[in-house]
Amino acid sequence: MPDKTISYEELIPGYEFPPVTYELSASLVSKYLKAVDSAGDEFVPPLAITALAIATMAGSIPLPPGTVAIHASQELEFFKLVPIGATIECHTGVAQKIARGKMSMLILELEVFDQGKEKVQSGKATIALLT
Amino acid sequence: MLTEIQEGKALNPVVKHITQEKINLYAEASGDFNPIHVDESFAAKTPFGGTIAHGMLNLAYVSEMMTLAFGRSWLSGGKLRARFKESARPGDTLTINGKIDCVEQKDGISYANCSFECRNQKGEMIVAGEAIVKVSSDKK
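Note that the protein sequences, when read in sequence, are chains A and B. Note that the numbering used here has the first sequence beginning at 1, numbered continuously upward. Note that the numbering used here has the second sequence beginning at 1001, numbered continuously upward.
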């Protein structure tokens, strides 16, 4: 599970969050499809995988009280189909940390692999932190 | 799915209505319980003045449009860059539009370069971005 013991100050470029593994069960995918109001097939929507990876990262970031974290931009690349029932491993880390007055930006990288260690997607999320 | 991959071709739009219930469902499905999305009393005290939808929920609608247009080519070879310009709020109706800006050949493979935007019922831009899809040569 994510390491919540680090402080925000310790989140420096190059920091890697502990990898997290998910089983993309039919019930998990069905819950996601209901939430996004979409029909599915035998493959997992790639954004469902991204959502899990980002939530894992976001939940691991120890924000100062009163800080609002907002998703500012997202880059993604998908490499292969992921069947329902697959197990994935999410690797996430800090690429950049920028402070501008009352606003800070965290640029986070993610890479997701399947059980065969093949990359299924990669991406970069920019999170704006407003105090 | 698109039957023809050609420059200027519009993708079928996707229209979605945002409700707090959908935002809460998305929080549960993704595990993202950031209070700006799900805690109305917390969100009311922020500069947003109320809860907002997850950026990734809005982006899921973009991906749905791309999946409807390109099918598995998008799921296994898509690439996107999105900027979240404004927040979507409960009560908003979002319309996601996209088009093929150009089709490029590289190493014998065709790529459809698309642009997309997601606007609310007032015409405000919520998400804007670009996407690239590797498409098989027989779909040129």
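Think of the hints as simulated: they come from the structure by calculation, not from any bench. Hints are supplied without guarantee of correctness; some may be wrong.
Said to hold, decoys possible - Which stretches of chain A does chain B cover? Using the computed rule of at least three CB atoms under 8 Å from a CB of chain B, they are:
1. 35-44
2. 47-56
3. 63-70
4. 77-90
Where is the CB? At the ideal position from N, CA and C, for every residue including glycine.
Which numbered hints turn out to be false for this structure? none
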